[in-house]
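Note that our numbering gives residue 737 to position 342 of the sequence shown, counting from 1, and the numbers run on in steps of one.
Hints listed in this document are in silico derivations from the structure and should not be mistaken for laboratory results. C-beta: ideal position from N, C-alpha, C; glycine also. Treat each hint with caution, since some may be false.
Heads up, simulated PhoX-like pairs for lysine-lysine below, C-alpha to C-alpha not over 25 Å straight-line [to be verified]: (1) 678 / 746; (2) 746 / 680; (3) 746 / 735.
What follows is a set of in silico ranges between Cβ atoms, one per label pair, in the way DEER data are often shown [said to hold, decoys possible]: (4) 589 / 443: 25 to 31 Å; (5) 524 / 422: 31 to 37 Å; (6) 604 / 443: 28 to 34 Å.
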Amino acid sequence: MSGSSLRHHCGLFGIFGDDDAVRLTHVGLYALQHRGQESAGIVSSDGEQLRRHAGLGLVGQVFNEQNLERLRAPIAIGHVRYSTTGANTETNAQPILASYGGGQVAIAHNGNLINTALLRRRYEQLGHIFQTTSDTEVIIHVLADPATHDPWGNMGRALNYLQGAYSLLLLFADRLVAVRDPLGFRPLCLGRMPTGAMVVASESRAFDMIDADYVRDIEPGEIVTLDKNGVHSRRFGGDMQGRGAACIFEQIYFSDPSSRVFGENVHLVRVAMGRRLAQEAPKVKADLVVPIPTAGQCAAIGFSRESGIPYGRAFTTSHYSGRSFIMPTQAGRDLAVKMKLNVIQEAVAGKRLIVVEDSIVRGTTTRGKIGRLREAGATEIHLRVASPPIRHPCYFGIDFPDPKELVTHGRTVEQIRDFLGVDSLNYLSQEGMLSCVQMAPSRYCTACFSGQYPIDVEAPIDKFALEPGQLRMFN
Numbered sequence: 396m397s398g399s400s401l402r403h404h405c406g407l408f409g410i411f412g413d414d415d416a417v418r419l420t421h422v423g424l425y426a427l428q429h430r431g432q433e434s435a436g437i438v439s440s441d442g443e444q445l446r447r448h449a450g451l452g453l454v455g456q457v458f459n460e461q462n463l464e465r466l467r468a469p470i471a472i473g474h475v476r477y478s479t480t481g482a483n484t485e486t487n488a489q490p491i492l493a494s495y496g497g498g499q500v501a502i503a504h505n506g507n508l509i510n511t512a513l514l515r516r517r518y519e520q521l522g523h524i525f526q527t528t529s530d531t532e533v534i535i536h537v538l539a540d541p542a543t544h545d546p547w548g549n550m551g552r553a554l555n556y557l558q559g560a561y562s563l564l565l566l567f568a569d570r571l572v573a574v575r576d577p578l579g580f581r582p583l584c585l586g587r588m589p590t591g592a593m594v595v596a597s598e599s600r601a602f603d604m605i606d607a608d609y610v611r612d613i614e615p616g617e618i619v620t621l622d623k624n625g626v627h628s629r630r631f632g633g634d635m636q637g638r639g640a641a642c643i644f645e646q647i648y649f650s651d652p653s654s655r656v657f658g659e660n661v662h663l664v665r666v667a668m669g670r671r672l673a674q675e676a677p678k679v680k681a682d683l684v685v686p687i688p689t690a691g692q693c694a695a696i697g698f699s700r701e702s703g704i705p706y707g708r709a710f711t712t713s714h715y716s717g718r719s720f721i722m723p724t725q726a727g728r729d730l731a732v733k734m735k736l737n738v739i740q741e742a743v744a745g746k747r748l749i750v751v752e753d754s755i756v757r758g759t760t761t762r763g764k765i766g767r768l769r770e771a772g773a774t775e776i777h778l779r780v781a782s783p784p785i786r787h788p789c790y791f792g793i794d795f796p797d798p799k800e801l802v803t804h805g806r807t808v809e810q811i812r813d814f815l816g817v818d819s820l821n822y823l824s825q826e827g828m829l830s831c832v833q834m835a836p837s838r839y840c841t842a843c844f845s846g847q848y849p850i851d852v853e854a855p856i857d858k859f860a861l862e863p864g865q866l867r868m869f870n
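Build out the structure end to end from the sequences listed, making use of the hints.
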């Protein structure tokens, strides 16, 4: 991924009915750390009272033996965060814990709402007080508002006031509720422990870490409640008539290759994308197919198998530098890239290389990596990208809202090739990309490639629109 400041949504984990729920949630968050490195948090319930611990940093930095023991309870939810709405501050760390007429509730959110400012302005005019600048807190106000509920207190009616992408975990004193928006932008799946305890996570990888079995995906527009009486499901949002908006970037980059996302294994999807890329790209003579780690590795395997060109390694990778695109400053991101990847000079000197990348956003880090391969003595570099060119902003949880920052802005593919300093450049077609997944193309969101948005977005959305002094822009 060449996105020097690209950021994504978050990771959710929850468990109901296990005495070690908090420690299992802690492990689950470690498994989902790749989805968010800005903050982490856990809220637990002993059946009567909710307790919270959250803070800025990695899971291992936020939690210790003392605070895990203080949270000990049989029900828990956890969250790791990238900030897509609201600054990276401790007050915006999740899960958010609040009290309302029905008691305490904690909420963890993966996604991004597009009507946040409108809803927040409405509630502030009614006298509501907000403690954070996150769109997640707006969801709490909607869910707690008697005016949004039907006479039976059906949560589904309240959820229909939300527009955009949201997978949610809500923790009440006696139950855990999992929700996925009607278009299914973000993944969320259900699992079962050997003890019978039920678990929910953004990716099935988290189940593997705690020896839980994957049961199924939570469906778009589904509310799943876990309580002492078992698992209960109900629908909301109406009939989408075959429409969906599953984020294709989960398959391209964000999810762990071992995870089952949107019904299929991520590694196999990426291998298929690499194969299709080799079929579509012009044939060139080359000595090695090498990935830009780590997300390009699966596609590079597929490209190598299809082309018959040996798979090789051009970079060593540090496992301790984090994922560069989520660092909070550009200087930090640049340093993380240098710390993370080092060229193996003897492996590339005098070689003609096909370099496989999963996607290119701004292009600056890819250009730097290509330059380092040149310095190491590579004689030819042919870049192959296992996704189409990104030409449009995302408003549903990926932090590249300004098209002017994209490498494709005002450039043809040939001009991008010149900018990156490669001998040839080819992207996977959108048709080819969608042929590699099992779900119907109409059920995926490809707006960042095509500009066709599953939900109308009337005005650009500023990540910091809810910060002090900014909300007035929406008046």
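So which of the earlier hints does this model not fit? none
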